Each structure stands twice: as C-alpha cells, then as structure tokens.
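Chemist: Each chain is listed here by its residues.
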Amino acid sequence: MAPVAGRPRPGDPLDPDAAISVRGLVKRYGDFVAVDGLDLDIRRGEIFALLGPNGAGKTTTVEICEGYRSRDAGEVRVLGEDPADGARAWKARLGIVLQSGSGDSQLTVRELVTAQASYYADPRDVDEVLSLVGLTEKAGVRGKALSGGQRRRLDVALGIVGRPTLLFLDEPTTGFDPEARRQFWSLIRSLRDLGTTMLLTTHYLDEAEALADRVGVIARGRLVEVAVPSALGGRETAPATVTWTEDGARRTEATATPTAFVADLAARFSGEVPDLAVSRPTLEDVYLQMIGTDR
Amino acid sequence: MTATAPPAAPGLPSLPAVYRSRSSVELKEFFRQRESVVFTLLLPVLLLVVFGAVLDFDLGSGVSFTQYFMAGIIAAGILGASLQNMAINIATERSDGTLKHLLGTPMPRSAFFVGKVVQVLAVTLASIVVLLLIGVVFYRIDLPSGTDWLTFAWVAGLGAAACTLLGIAISSIAKNGRSASATVTPFALLLQFISGVFFQFSEIPSWMQTFAALFPLKWMAQGLRSVFLPDALAVDEPAGSWELGRVALVLGIWCVLGLVLCVRTFRWQDA
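Going down the list, the protein sequences come from chains Y and C. Those letters in the first sequence? Residues 49 to 343, by our numbering. Those letters in the second sequence? Residues 34 to 304, by our numbering.
Incorrect hints may appear among the rest.
[Said to hold, decoys possible] Derived contacts from chain C toward chain Y, CB cut-off under 8 Å, selection only: (1) G44; (2) P46; (3) L60; (4) K61; (5) Q66; (6) E68; (7) T131; (8) H134; (9) G137; (10) M140; (11) G190.
Think of the hints as simulated: they come from the structure by calculation, not from any bench. Being a predicted model, the structure only gives us computed values, none of them experimental. For glycine and all other residues, C-beta sits at the position ideal for the given N, C-alpha and C.
One chain only, chain Y, in its complex shape:
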C-alpha cells in the first residue's frame, strides 16, 4: 500500500494512486538550490495546503507539477503522468490558478469564461461557474474593470470551468478583505464536495487550518513535515498553557494535563477562576518554529 498517511520517505516508490506523487525533486537556478530533494504525495480528493516562507521552493514545486518548469532531478507524477510530457489530454484534467493571475482583458467575464471553456472536452456550464464564484452580476463587465478580489474570483472561474480533477491554487486569496476570503473558502469547500483535489499554497495559516485536510511545510527546498492542521508540529500533544489571575498578578502554567489542573484551580477558588484561559500552541507558533529550526 502506498505511504500516503504521512510524508513519503526518500526512496519510497511513486504512489500510483495519488493525485500528485513526487520523489527526490531537485531544481537549481544557477548555484541556488530552490528545491532540494523533495518528497510529497497528495491523495485524490483532498485539499492539501503547502506552507512555507518566500523562497522556500513552494511555487517552484507547484510549477514543476503544473508543467511550467523543468526539473534537475527526481520523479514526478501528476494524475499518473509526467508533467514534463504535458499532453493536451492531461492538461484538460488540470485547473491552474496562477499567483500572477492574468492580464487586463477587453472581454467580458462571460466571454472570458466561455473562451476558456472552448479549450476543454467536457466544460462546466458557464452560468453555473459564474454563480459558483459569485460573479453572476458581473458577467457583462470587462475583465479589466474588475476589482482585485473579483479578478481573483475570475481566475478561479477560469481554473474550474474545464471541470478539473486536480486544481492548483497558488496564493489565491492574497489581497482579499476578510469577507471575500470567507466567501472564497466556502467556494473551495463546495469544490471539494464536487470531488476536486486541490493543492493550495498560501501565506495565511488560518486559511490552511480552515480549508486543508493536510498541511505540508516547505523550508529550504524540503518538505519538513506533513500532518493534519491540528497535529502539525505535535501541536495536539504539546503542553497546554493555562493562565489566570491570582492575588492581582497574572499567573501562567504549562501542563500536559490541563483538565486536571483547571479542576484543581476551580477547587482552590471555589468557583470561577479569574481571567482563566487554556491554550495550545497556535499553527503559527509551530510553523514559525519549524521554518526557523529546520534540520
């Protein structure tokens, strides 16, 4: 059985059932090693979030999987094929939302999505796509006249109109206001319900936590950990921090058994504990620790 449960190890065979399977991927730009022996499996049907600082190799890895860049070493299979071959029939099963988006267009939103649909074998209904991304009311507006958030939704519409099996989303919500991001998240969830596999790169940890089935952290060209968001970096078993106020001073205690500790506190105060809070390390805490103390 394929090692999809966690992070594949160097030397593991490619996983034939995975949507994306990568082994020993290396990419150099001159002397700079952007990707340095990366191993990764993405299951069919999951939303996988790739996290990492700028320059860690996220976009390079994703663009190799999309067929945009060549690799210097390693094996890559995307939907069972080598992206370097990149035939039309293979591309027809992908949806790609690039970080850069696309340019100013004189075509209307509907015309752009219709043109994009004309490249695919079995496209989605254009009106259905427009309503899915919330652009129905903007259908007659030219691409160049859209706001930043609307453009990003147009990019997603172009990415999904071909009915992709696998959707790449490279920093899809950069520049969104909080409400637009919430709307975008619900769009992504409805796509997952339709069975689309998604590889998402993002700088927003709350986004990864809200959307992803699994999170992978890239640092210095390697995948340093893969886990469900709640377990990343041993988060769920890390000591909890209990804070409260006693004798006018703020008190803090790290404990592996927060429930018992709070029960003791409650008994000591015989009732409400002033300013009580129990917390685990946030995703951001463990993430920052990981990219800072990479092996």
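Starting from the known structure of chain Y, fit chain C onto it as the hints suggest.
Modeler: Positioned in the frame of chain Y, the structure of chain C alone reads:
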C-alpha cells in the same frame, strides 16, 4: 512506476473549433481597445488626411504626391497592423501572464498563433479599406485596375506575413508592452521617413536608401507604388523599374528569417 492509465478522455475540441474561439477573442481584444484602434488604425488615416491636404504637388505625368503617398501610407498601415501591433501586444501578454495562463490550458499552441494571424489580417484589411475609402472620397485617388489588384494582394500579404513574424520575434526581446512600444515605435517612424512613405524615396540620400533597403517597409512601399502609380513613374525608382521580383525576394527572405527567429526565441513565460 506502473501509473494507472488515465480514463479515456472524451474527445478534446477540434482544432477548427478552438481556432474560431481564439480568433473571436483576438478580434474583440483589438477592436475594443481604444488605444490600439487609435494608434494602429486611425493614425495612418490622420496622416493621410493631413499630408493629402498639404502635399498635393505634381510628381509629373499629372500624378499628385497624394497618389504616391497612398502607396506609402498603406505600407505603413500594414507595418503598424502587423509588426508594431504584434511586438507590443505579445510582449504585453507575456509580461501580464496571459501567455502563461494559456500554456496551462489544453488549448493547442497553434490556436494562439492562428488567433494572432486572424487579428493581423482583420486589422490590415480594415486599415487598407479605410485608407482607400478616404483616398477615393477626399483626394480622388485612382484605384488600381486589373492585375494591379493581384500585385496589391501579394505585396500586402507577403509584407504582412514578414512583419507579423518579425513582430512576434521582437516581442520576445522586449521586457513588457511598454518597453516594446518604446523601442519599436520610434524605429518604425524612422523607417517610414527613409522608406519612401512621407517623402519620395528618390529624394533620400543614397546611404539612407541603402539602410532602408535592408528592411521590409521600403519594399512594401515600392511594390505598392507599382500598384498606385503609372508605369511611366518607374524611372524615378532607384533601379529605374518597380523591381517586383526583388520585392518578392526580400519580403520572402524576411518571412523565412522572421520564422526562424520566432521558432528560436518564442517564450510563453518570462524567464
């Protein structure tokens, strides 16, 4: 390593279907953009109106300079619709990510170029028709007759082909649309001054004539003069004749050279 075979993909759309779709996209992109329409289509018209009104002196044989200028401004119009248009348009689309986006779709790559060719043909044709209309209505230009139309067609077609290929090649050198425009526009203007568009070619210093003869515009203008001017005026040409064979040869060489440059330099994304 035994990758499961992908499910039999339902047939991808046929080439003609995608060609139609891309052509429609390219036509809308051009004709809806005010700047490109003004710059590419209306500028030659304005020049024709101004020069036609100011420089209507007699060239001899009862032919006015406007008739001479007609050939030159049509050649310049073709240059604008093909070389300048493609260099700026494709450089812009490369730097703003449009090309990269298309590369990530199953669109056959040939469809991109078919769309561009359709755009160039439509703009070239529109430019020629408008210029001829204004020439006939306002300046009593004598329209070509008989086999002159045939010459008109092949000179315009071959010239547009050479300039389109060159424009696509130049787009790969430019960093973005603005830098393409900043390089190509002044150069095109310079060529127009020394290739017999604004002035009679015979009045240009011979070293400038030699320089102009390296580029397609001079030969396009010369070929079109054979269409618009009486054969009696061929004696004013550098060789004393229209040299149509050489026109075809030079434009043909530029087509081949342009094609080689395109194939070797075309990029879908910034390096």
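Chemist: Now look at each hint and say whether the structure bears it out.
Modeler: Cross-check of the supplied hints:
1. For G44/C, the interface hint holds, the least distance from its beta-carbon to any beta-carbon of chain Y being 6 Å, beneath 8 Å.
2. Hint on P46/C holds. Least Cβ distance to chain Y is approximately 6 Å, under the 8 Å limit.
3. Restraint check, L60/C versus chain Y: the minimum CB separation of about 10 Å is more than 8 Å; hint violated.
4. Residue-level restraint check for K61/C holds (minimum Cβ-Cβ distance to chain Y is 6 Å; threshold 8 Å).
5. Annotation: interface hint on Q66/C holds; nearest CB of chain Y at approximately 5 Å, less than 8 Å.
6. Interface restraint check: E68/C against chain Y, minimum CB-CB distance 11 Å, threshold 8 Å, status violated.
7. Checking T131/C against chain Y: minimum C-beta separation of about 5 Å stays under 8 Å; hint holds.
8. Checking H134/C against chain Y: minimum C-beta separation of about 5 Å stays under 8 Å; hint holds.
9. Interface restraint check: G137/C against chain Y, minimum CB-CB distance 4 Å, threshold 8 Å, status holds.
10. Nearest Cβ of chain Y to the Cβ of M140/C: about 4 Å, under the 8 Å cut. The hint holds.
11. Of the supplied interface hints, the one on G190/C is violated, with its beta-carbon coming no nearer than about 27 Å to a beta-carbon of chain Y, more than 8 Å.
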